[in-house]
Amino acid sequence: MTYSIIGSGNVGAALARQFARSGIAVGIANTRGPDSIAPLAKELGANVLPQTLQDALKANVVILAVPFRAHTTVARGLPIWSGKVVVDAMNTYGVSPEELNGQASTDVVAAAFPGAKVVKTLNQLPAKLLAQDPSVNGGRRVMFVSSNDVNAEALIATLVADLGFAPIQLGKINEGGMLIGMGGSLILQNLVKQS
Amino acid sequence: MTYAIIGTGNVGQALARQFARSSIAVRIANSRGPESISYLAKELRPGVTATHLVDALNADIVIFAVPFASHGAIARGRTNWQGKTVVDAMNFREPSLAPLGGLQSSEFVAMSLPGAKVVKTFNQLPAALLAREPADSGGRRVMFVAGNHDEANSEVATLVASLGFAPILLGKLSEGGSLLRFRGPLVLQNLIKLGS
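Protein chains in written order, with my numbering: chain B, 110 to 304; chain W, 1297 to 1492.
What the hints contain is simulated information worked out from the structure, not anything from laboratory work. Computed from a predicted model, the values in this text were never measured in an experiment. All C-beta atoms, glycine included, are put in the ideal place defined by N, C-alpha and C. Incorrect hints may appear among the rest.
Per label pair, the in silico range of CB-to-CB distance [stated by the list, open to error]:
(1) W:Lys-1468 to B:Pro-176: 28 to 38 Å
(2) B:Ser-244 to W:Ser-1366: 35 to 45 Å
(3) B:Ile-296 to W:Ser-1433: 37 to 47 Å
(4) W:Gly-1397 to B:Lys-281: 19 to 29 Å
(5) B:Asp-242 to W:Lys-1468: 32 to 42 Å
(6) B:Gly-211 to W:Leu-1399: 55 to 65 Å
(7) W:Asn-1306 to B:Pro-223: 46 to 56 Å
(8) B:Gly-118 to W:Ser-1433: 56 to 66 Å
Kindly generate the complete structure, drawing on both the sequences and the hints.
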């Protein structure tokens, strides 16, 4: 399984840090090119590889950590997304419900990535908390996961667990997934799962 | 605000212990009468009072902590449930959901309690964990709350917080509340909320 992070802002950098900490290789790209990510990659070591956007989109699992409106630009990087898992780690601050046509934001993302299996997760914590060691006080920080595709949801739950979090699968985007949508009750909750 | 726990099994006892710990007065009753609860009330006095079922059902907030199949019999203990808040701390554990006719179990319970505002909570932890001190590992144990009446949800969330838990409101029974169904994703999760 190959992974890439698209976006090198606070969320993208936080995720890169978690991959590095867990010793899982990941590509990272932005629209400005790999040179702009060199300092971060240098700090995080060999597992974090700066790539061109085009190369990063070749990964099996592509994590979107860009500002919400930029997802359409990323989507245009490939003609077809069949067989890929796209992780929506974006939030929709400043995006109106009208702009989303009243849909769940992840459903809007899914429409822009035809063929992809879209999973929502890694979106629900402030970047600073997302970057922290998920092992806390003898437990692991909770990360909720939601998707309309059961297999993709399970696959990403495994990744989330490999990164050290305690995944909790909420099911479909317009059901349990609503709780990690904008204004949802499971957003911005610093929860630690005790075994 | 007056409170009552109906049921003196593991869950009812665990809840009584939390009320006693938090010094919140509560009545407790079962179908066998207050004498059968005297040992517990003695241990947890003065806050926990064993009463007859009919008296307990007069409380402002009535917590159902009986086996699911018994809720109908308890409901018949009052002629009028109008305006009362009922906390459903039960779980529908049958392998087939057919008897619920497509409803969430708390919606099914609500049908026996015409006019009552039913809130689901306290159902989601094993009794031994429910009985434990909710202040744990630098935070507070999470207790999810769901219901179709916002005001009753807030009222019960306040109680949950007063008992020391960190309440998280999930919204309506058929929406976020469905995650609290038996074996649902937010059931049997020992979660500690950090920060405020």
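Ser-244 of chain B and Ser-1366 of chain W, beta-carbon distance inside 35 to 45 Å?
Holds: the Cβ-Cβ distance is about 43 Å, inside 35 to 45 Å.
The hint says 46 to 56 Å between Asn-1306 of chain W and Pro-223 of chain B; measuring C-beta to C-beta, is that right?
holds, 51 Å
Go ahead and decide if the range 56 to 66 Å is satisfied by the Cβ distance of Gly-118 of chain B to Ser-1433 of chain W.
violated, 32 Å
Has the hinted range 55 to 65 Å been met by the Cβ atoms of Gly-211 of chain B and Leu-1399 of chain W?
violated, 26 Å
Range hint 32 to 42 Å: satisfied by the CB atoms of Asp-242 of chain B and Lys-1468 of chain W?
holds, 36 Å
Distance restraint hint 19 to 29 Å, applied to the beta-carbon atoms of Gly-1397 of chain W and Lys-281 of chain B:
holds, 22 Å
Okay, Lys-1468 of chain W versus Pro-176 of chain B on CB: inside 28 to 38 Å?
Holds, at about 31 Å.
For the range 37 to 47 Å, tell me whether the beta carbons of Ile-296 of chain B and Ser-1433 of chain W fit it or not.
violated, 22 Å
Consistency with the previously given hints fails for numbers 3, 6, 8, ordered from lowest to highest.
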